[in-house]
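Enquirer: Okay, here's what each chain looks like letter by letter:
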Amino acid sequence: MDKQKLKNYWSVLSSNNLGMLGVGILLMFLLIALLAPLIAPYDPSVRVGGPFIKPNGDFLLGTNDVGQDIFSELIYGTRVSLLIGIVAALISIVIGCLVGVIAGYYGGKIDSMLMRFVDLILVIPFLPLMILLAAFIGPSFWNIILVISLISWASPARVIRSQVLSLKTKGYVEAAKSIGTNIRVILTKHILPGVIPIALSQFVLAASHSILIEASLSFLGLGDPFTKSWGTILYYAQARGAFLTDAWVWWILPPGLLITTLVIGFAFTGYSLEEILNPRLRKER
Amino acid sequence: MKKPLLLIAVSLLLVISNLTPVFADQKTKSLKVGITKDENGLNPYTYVTGYPGLDLVNLLYDNMFVLDEDNQPQPWLVKEYNVSEDGLTYEFTLHENITWHDGKPLTTEDVKFTMEYFIDHPKSRFTNPLKSIASIDQSDETTISLTLSEADPNFMIQPLADLPILPKHIWSEISNPDEETNAIGSGPYILEEHKSGQYYKMKAHKDYFHGEPPIEEIVFPIIEDTTAMLNALQAGEIDALSSSISPELVEQFESNSSLKVARGPGYSTTLFQINAEKYPMTESAFRQAVNYAVDKQNLVDTLLLGYGEVGSPGFIHPSSTFHNSELKPVYDQEKAKLILEEAGFKDVDGDGFREDPKGEKIDITTLVYANSPIRIRTAELVSEAINEIGIKNTVKAMDATTVDSLMWPDFDVTKGRDYDMGLWGWSNTMQLFPDRMVELFHSDPAVGSVNIGAYKNADFDALSEQLSTTFKEEERMKVIKEMQSLVAEDSPFITLYYQEIVNAYNPSVYDGYVFQVGKGIINKLSFVSGEKSEIKTSDQKETATGDVASQSTSGGGSKNTLFILGGLILIVVIGFFFIKRKGKSKPKDDFDF
Amino acid sequence: MGKFIAGKFVQYAIVIFLMLTLNFLLPRLMPGNPLVFLAGEDVGFMSSSEKEAILDEHGLNDPILVQYGTYIKNIATGNFGFSYQQKRPISDLLMERLPWTLLLTGLGLVISTVIGVMFGAISAWKRGTKTDANLLTVFMFLSAMPSFWVGMILVSIFSAQLGLFPVFGAESAWSNLTGIDRFIDIMKHLALPLTTLVLISVTSTFMIMRYSMLSVLGEDYIMMAKAKGVKEKVIKYKHAMRNALLPVATVFMLSLGFMLGGATVIETVFAYPGVGRLMFESVLSRDYPLIQATFLIITFSVVLANLFADLIYPILDPKVGKNNG
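Residue numbers (the numbering used here), protein chains in the order written: chain Z, 143 to 427; chain D, 427 to 1019; chain U, 3 to 327.
Treat the hints as calculated values from the structure; they're not laboratory data. Be aware that one or more of the hints could be misleading.
[Claimed, not checked] Listed next, the in silico BS3-like pairs over lysine-lysine satisfying Cα-Cα at most 30 Å (straight line):
1) U:K230 / D:K621
2) U:K89 / D:K594
3) D:K763 / D:K787
4) D:K754 / D:K772
5) U:K190 / D:K538
[Unchecked claim] Just so you have them, the derived chain Z footprint on chain D, three or more residues with Cβ under 8 Å:
6) 519-526
7) 831-842
As the structure is a prediction and not an experimental result, all values here were calculated from the model. Don't be surprised by glycine CBs; every beta carbon is placed ideally from N, CA and C.
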């Protein structure tokens, strides 16, 4: 991708309020995740007080069921939730790109076979399979990521394939092909630059989905109980009756709000990226 | 000046009403008791769980005897009985006016039929205890005598206080009992309706031989989600529930003026199971060190908030008459380390964890059910303690069925096992029958049918043999106490704690519950009429006055929450406006969607 | 055209067959067997011959291929068998749960589609204005919230604190309400789960409608109509909205297929007796026949909806039929 184009994207993105807000939110969370040890007052895995302490000067959001500081858990939880979102999305986008580009570029039998497979994945009821897989391979951090990405690569693959198809019909690809240009060159010079922006917006959307899915799986008790993600914090909170007592205000609202904010950060960014990349939707100036 | 007077008057009234025993003529029209699972057809062949499933079955059927609040068998269908010196012959006379739900009389013929039927159509829980019966002699409609092939000290409890008597005129036609749906018995209530996954509805059996039941209609709504269930109790949608209230909520429920909380010892045991077949857990010293490393009191304080009892090293609950009171829980990290040092477990390579005497690394995995938050936390704390004495240990949470398949493959100890250590629990029957210790620890899998740790100790086996030929209560007690000392010394597993049972119910709807030790308020005696001793709630007077006082505070509490919530919403809204403002300060055109 | 449909049939038949096989294999690949659920809590005190007898009775000791054969045969004859845990015919279980699930997801789908279409159209029509920005922000915010969290907060406020709605179940079945009272009772139970479902699912319709409306508004004939001075209302409703609804209709039809699967998470939060919850429990309890049955009807209805959408789409939009035929 040449610099001019990049600059161009950036200028559109930066003129887009929602996009800026989204990027801002993401940067904020990234900062929190990186600086977690500096921000968090305690080590979230150490029992620093009695169980079920209400918020006070020492513990901003009280302590959880074994006496760990909830505020510190949330700060460190940013790392986990962000990581799950990004890694799961990355894996599904890489698979999605591979399938999409191969199907789109080669067409014919390969294309129709791959697309049948994608159809199959898309038709499979999503949550049931997720539950079955999570129960089957057992709850652990990497398994959750695996489960999420196994399921969510199909829809990006489709989007990317259609992008490749439309790129292929563009004159210069045909031309390059006809003069016998190396496939690798065609791919890297002509196809990929057109695919990457789409992949990027798909990635951002996939990340926001992954975070929500992880939270839901954790809520259903299928997450990894030893990983301190926001979803797991919510799981313990609801399992230990926080919804029935005043504790829900400091133990359940905050992680839910954090999830919402992070997801919306991704969603805004992704939405704006899509707007930028899909000029038909862009307002004529 | 008037107010304090009123307060005193009200509290006095409450005290009095609390102390007044419940009379049979105080009829409750309708009672709703929440249960957590669908229990299928409520007959002895199709119910699902031992608690509360079997207790619901026992509202529809009757037993010869019934367990009272201290788990002692008392005659029920039986009016008079006589046991021979040698413990081999039992003679019973039944009450005369017992009728089935369909109006036909219940006679000794039904009793005989039931015992034979369960032998022909096995259902382990009921069939196994019947195997000691050599002959049944039914002399007339109300008298029957049983001869045993060998004396059975638990015979009164199981089968007599456990086996539901089936109506011969119905079951003699039934060849496939596992798919039978009828639930016609002789019990105090008649099953009126069962909507799968939703509720059971029972109505009073007016001609019940023990007097008309105190409640006209009991509905058991099925609410699988515990939070929803407790919510429903607080909202007054149900009047009682079968499950125990989790520790963190006890205070809240105690301060609720419309609810009463009954607490008592629970007999289900949470323990740290050790696979004594796998090195280094084979070493007695190693197991002892693990035992010394774990602070059980801390577990009870942190995880159960004190609503529980520290595990006795001999497994038997301290409130059981068979408990060996000389045994005290141990906790001493230094001693644990010392034991390991002496046994040759030393950290030779300096990585902070001990190696075995041959210098091989030790790396142990502890399994735990993924669906049980308190157990997961327990596993975490125990694992922490074990790591502290220098033994490398990680906790792994897995789906319950998967954990079972590793620790107890096919529920058959002869099939071996594939784990190091794990969080485990046994239900209350283990404590009700202390001689089940034999099944827990005997080295022969045919006898030690639940010895999932493959523990082997010739001394224990010898004690087991001794127990099987001992019939005098005191001597049996002595043997069982000896077994406990042996287990305490050798630590085949570590008994961590017994969680207390905490039941909450709405006393204004019905207040005739009986708290059965180790089980709680959902039992037959709670729902039949008759003299009942008052349930032991924390402290009568205190609760009564506390009730009045707490009314305002609990109301305030929920209001506070709403205020906080309102505040938060306000903040979010303001935040949004702020963002929007910022957007607006730029030219409007910039909104490029 | 005919070839296209035939091709689709074959394709979906393969999907169904693959799903059937996956349905059969996955639960059996999971560690642990359903013995404890078949035999109840006494399992620890049973002799091994008793256990074997139980497994035999349910055909679980047969070779895996024999089991597979029986399974396919049963499904072909519409015999779902008995649930291991609930020991009742699965068809009964499904029949009890399906109406509630359909009520919840069906109403949810209709309401969220109506709201989504309405606001999507408004948003697109007012593109670039504050209204558009606000709507977009609100709807994106809704979709960013975890569904169980929304549900639990609604329960906390409206049921636990204010006592306005019941906290569990689909109706107070035991109270024998009839007529209008029963209807009100059912609606009260439905209110919160339905609200949650609509809140979290409305955004996708909104987005699709907005996109599609935007692109329709950019089409030549709308421009032309505008230029000709056709009234705004006429353009908006007669031309733009009707054409923009096409993608929404497709998504609506596809969503119909997912209805039967229920909403596991929401059903769990509100203890609502739906199919989603049933499926979740069946997985946890290794209830093979129940897992297979719930998965089967879910897959089947999804595939059916896809096929339906494929068939109906050319009728709605003649352009597509030509392209593919």
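Enquirer: So, for every hint listed, does it hold in this structure?
Expert: Results of checking the hints against the structure:
For the hint pairing K230 (chain U) with K621 (chain D), the CA-to-CA distance comes to about 65 Å; that exceeds 30 Å, so the pair is violated. As the CA atoms of K89 (chain U) and K594 (chain D) are separated by approximately 24 Å, the hinted pair is consistent with the 30 Å bound. Distance restraint check for K763 (chain D) and K787 (chain D): the Cα-Cα separation of roughly 17 Å lies within the 30 Å cut-off, and the hinted pair is therefore satisfied. This hinted pair checks out: K754 (chain D) and K772 (chain D) have alpha carbons roughly 28 Å apart, not beyond 30 Å.
The hinted pair formed by K190 (chain U) and K538 (chain D) fails the criterion: a straight-line CA distance of about 51 Å is larger than 30 Å. As drawn, the stretch 519-526 of chain D meets chain Z at 0 residues by the rule of a beta-carbon pair under 8 Å; below three, the given contact is violated. Residues of the stretch 831-842 of chain D with a Cβ under 8 Å from some Cβ of chain Z number 0, which does not satisfy the need for three, so the listed coverage is violated.
Of the numbered hints stated above, those contradicted by the structure are hints 1, 5, 6, 7, listed in ascending order.
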